[in-house]
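> Residue strings, one per chain:
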Amino acid sequence: MKGRSFILLVFFVFVCFSCRNSSNNNSQFVFPEADSIPVGEEEKLSTEAIEEIARNISSPVEIANLLQSLAVPFSPDYLASSIDANKQTTSFDKAFTLGILGADLGYLNMYEKTGSSIDILSSIRKLAEGIRVGQFFDFETIKRLSLNKSNLDSLLFLSIDSYTQIDKYLRENDRGQLSALMIIGVWIEGQYLATQVMTEYPDPVLRDRIGEQKIILNDLIMLANPYCNRDPEFGILCRDLQDIKEKYREIRITYTLGEPVSREVDGALVVEQTETSVVEMTDEQLAAIIDITKTIRNKLIANN
Amino acid sequence: MKKHFIALLLLLSTGFILHGQTTDPLVSKCAMNAGPDSKYLKDFRIQLAKAPSAGELRYKTQMSLWKNTKYKFSMCTAEDSKGELILTIKNDANQVVLSSYDPKTGKAYKSVDLVCNRSGIYQLSYDFKDGQQGSGVGVVSMVK
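As you go down the protein sequences, you meet chains A and B in turn.
Numbering-wise (this note's numbering), the first sequence opens with residue 1 and increments by one.
Numbering-wise (this note's numbering), the second sequence opens with residue 1 and increments by one.
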């Protein structure tokens with residue numbers, strides 16, 4: 001009897017912990033609760049794990065690219081223009097705002113509104129210097145490229161690369177909480193941009209992209225969790241992320257099977273996936289996500 | 001006194017070198033050469049010693065890829081490398097989605113385009129052909 005109970009226990013533990021998440025073909029993506037780090041636990045994620053999570057967060061440049069492909073016009077109304085870099089006093093505020101403005105910069109750059117990005121660039125420089133990472137942000141070169149409007153590729157590369165280097169430096173110097181804040185700031189602003197555009201220019205592709213954020217939401221929460229008890233501000237942010245997660249809980253993401261198709265085009269390899277992901281999200285669920293994103297983002301930037 | 005002065009100079013120059021971070025020229029070159037319709041997203045800097053035996057690709061990382069997006073994966077190998085940089089991508093069900101290298105023909109593509117139709121977290125594995133020593137960069141861009 002004891003032996004059977006032991007086998008059952010081993011089986012249960014194996015089932016619970018064997019997969020990082022439960023997404024696979026013909027199944028539904030669900031939040032992987034078993035391997036989430038409990039809130040307040042002191043355990044730190046490894047540098048590599050944080051780096052991977054950071055890579056998984058959808059880039060604001062990708063969101064902006066999607067909006068462009070849907071012929072959504074540029075609007076300055078989506079930007080966090082009310083932010084004053086001089087009023088950011090704590091490292092928390094500076095790092096989080098750095099993330100928000102990074103997403104806005106990506107949006108401006110993709111729409112080639114680079115002349116308008118000088119104010120944001122100045123704020124980014126102040127904030128980066130405020131948390132002693134200003135050396136990674138090549139302000140003068142980025143400013144010159146922005147004003148010249150000559151080389152968008154270089155501008156995009158330098159802007160993203162600066163953020164990547166800041167993030168890496170913070171993680172490698174035991175300031176992972178600031179890296180987490182920056183990444184969360186980038187994601188919240190990208191999500192705000194996508195959801196606000198959705199209210200004005202509803203589109204099924206954009207709708208899916210918003211629903212698909214469920215895939216990375218748990219990673220984002222894992223990134224924040226080790227710091228949730230660090231200070232009250234972080235605690236509130238963690239609860240906000242949990243509130244967003246709750247709105248995503250009933251959204252279904254399923255997968256259909258299919259083999260990738262490869263072909264050579266002018267000597268280059270092109271692969272097309274035939275397997276697909278399908279998002280099932282009601283209008284009410286979408287409305288709830290739009291609503292909570294707006295509330296949380298506006299509250300966070302108002303506090304700043 | 002002279003020794004102290006030289007030491008101070010050395011210290012100061014090291015500080016300046018550390019302060020002025022620059023981007024690896026191979027990375028910027030690789031990112032800029034992805035093509036006129038490409039927009040840079042991320043890069044992975046890879047440096048590997050010779051593998052004891054050729055097998056599974058050794059440098060593993062993850063990245064989220066999103067449906068309705070065309071990605072370009074460019075592989076750039078540093079000149080002093082013994083082998084060419086190659087890439088394999090697997091989905092979260094551990095199925096191979098693409099490989100830049102065909103071991104049957106020995107052909108290695110310098111870039112591969114992926115028309116992504118399944119959003120998810122993918123595993124990217126890089127190595128140098130036949131487990132050789134080398135350094136290089138893998139750049140991921142979006143294609144319009």
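These are computed hints drawn from the structure, not numbers from a lab.
Warning: the hint list may mix true and false statements.
[What the hints assert, rightly or not] Below, simulated BS3-like cross-link-like pairs (lysine-lysine); rule was C-alpha separation at most 25 Å, straight line: (1) B/K70 x A/K113; (2) B/K60 x A/K168; (3) B/K42 x A/K143; (4) A/K245 x B/K60.
[What the hints assert, rightly or not] Coverage of chain A stretches by chain B, computed from C-beta distances (three or more under 8 Å per stretch; other residues unrestricted): (5) 114–127; (6) 151–161; (7) 267–277.
Source: prediction; values computed, not measured.
Even for Gly, the Cβ is constructed at its ideal location relative to N, Cα and C.
> Taking the hints in turn, state whether each one holds.
To see whether the hints hold, each was checked on the structure:
no.	hint	verdict
1	B/K70 x A/K113	24 Å, holds
2	B/K60 x A/K168	18 Å, holds
3	B/K42 x A/K143	21 Å, holds
4	A/K245 x B/K60	28 Å, violated
5	114–127	violated (count 0)
6	151–161	holds (count 7)
7	267–277	holds (count 10)
Violation of the numbered hints given earlier is confined to hints 4, 5; the remaining hints are satisfied by the structure.
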